[in-house]
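**Q** Listed below are the residues making up each chain.
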Amino acid sequence: GAVVSQHPSRVICKSGTSVKIECRSLDFQATTMFWYRQFPKQSLMLMATSNEGSKATYEQGVEKDKFLINHASLTLSTLTVTSAHPEDSSFYICSAAGTGLFEQYFGPGTRLTVT
Amino acid sequence: DQQVKQNSPSLSVQEGRISILNCDYTNSMFDYFLWYKKYPAEGPTFLISISSIKDKNEDGRFTVFLNKSAKHLSLHIVPSQPGDSAVYFCAANNQGGKLIFGQGTELSVKP
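Chains as they are written, first to last, in my numbering: chain A, 1 to 115; chain B, 1 to 111.
One or more hints might be untrue.
Unchecked claim - Result set (EDC-like, lysine to aspartate or glutamate): computed pairs, CA atoms no more than 16 Å apart in a straight line:
id, chain 1, residue 1, chain 2, residue 2
1, A, K41, B, D31
2, B, K5, B, D24
3, B, K98, A, E59
4, B, K98, A, E103
5, B, K37, A, E103
6, A, K41, B, E106
What the hints assert, rightly or not - To give an idea of the interface, some chain B residues facing chain A are shown, with a C-beta separation under 8 Å as derived from the structure:
id, residue
7, V13
8, G16
9, F62
10, T63
11, F65
12, G97
13, K98
These are computed hints drawn from the structure, not numbers from a lab. C-beta atoms are modelled at their ideal positions from N, C-alpha and C, and glycine is treated no differently.
The task is simple: from the sequences and hints, build the whole structure.
**A** Here it is as structure tokens:
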């Protein structure tokens, strides 16, 4: 299957600071990338969908000004958590899909801890 | 409103036996279903998928069955191996390309 990387794998930041998470598709061009978050023992919740070169589409209840998404190229999308608070602590996972969209390939995830 | 449900949070199976993981959905507009395997602190790994126009798809030890009238799908793993121990998520793809995940079932395969 296709390879998707995420960086960093773990990050600890202080409350009020911003954190950027990168998602890269290494061996294919990702027309669409998705960002999810997962709380312990729970399902993956879709946060937003981003298409290369256009604005991201956010799911209901997700603050677009807090979770900034940029999809500047077919191989890179970034999620910036702005003014992070402890309740933003979570496991963030990206996925990438080609033109077919039917199969998404997931990154290894980023564990964010806000102190 | 949980559109994709996995009602069994956990399942324990003996090595060599069959593992059957179940998933129910409510939205008849879903047109593609996928199963993912996930280890703690890692991203999900794609396992197998099925289109809504089919009722069965097989790939090695993994078979997915789809019953559209019952809005039910299942993943069969046979024979089960200890390395199969993980959390399994079913997901449904709507026509917009979004994946809706179930809550996951933790499979434990005992030697």
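**Q** Give me the numbers of the hints this structure contradicts, sorted from smallest to largest.
**A** 1, 7, 8, 9, 10, 11
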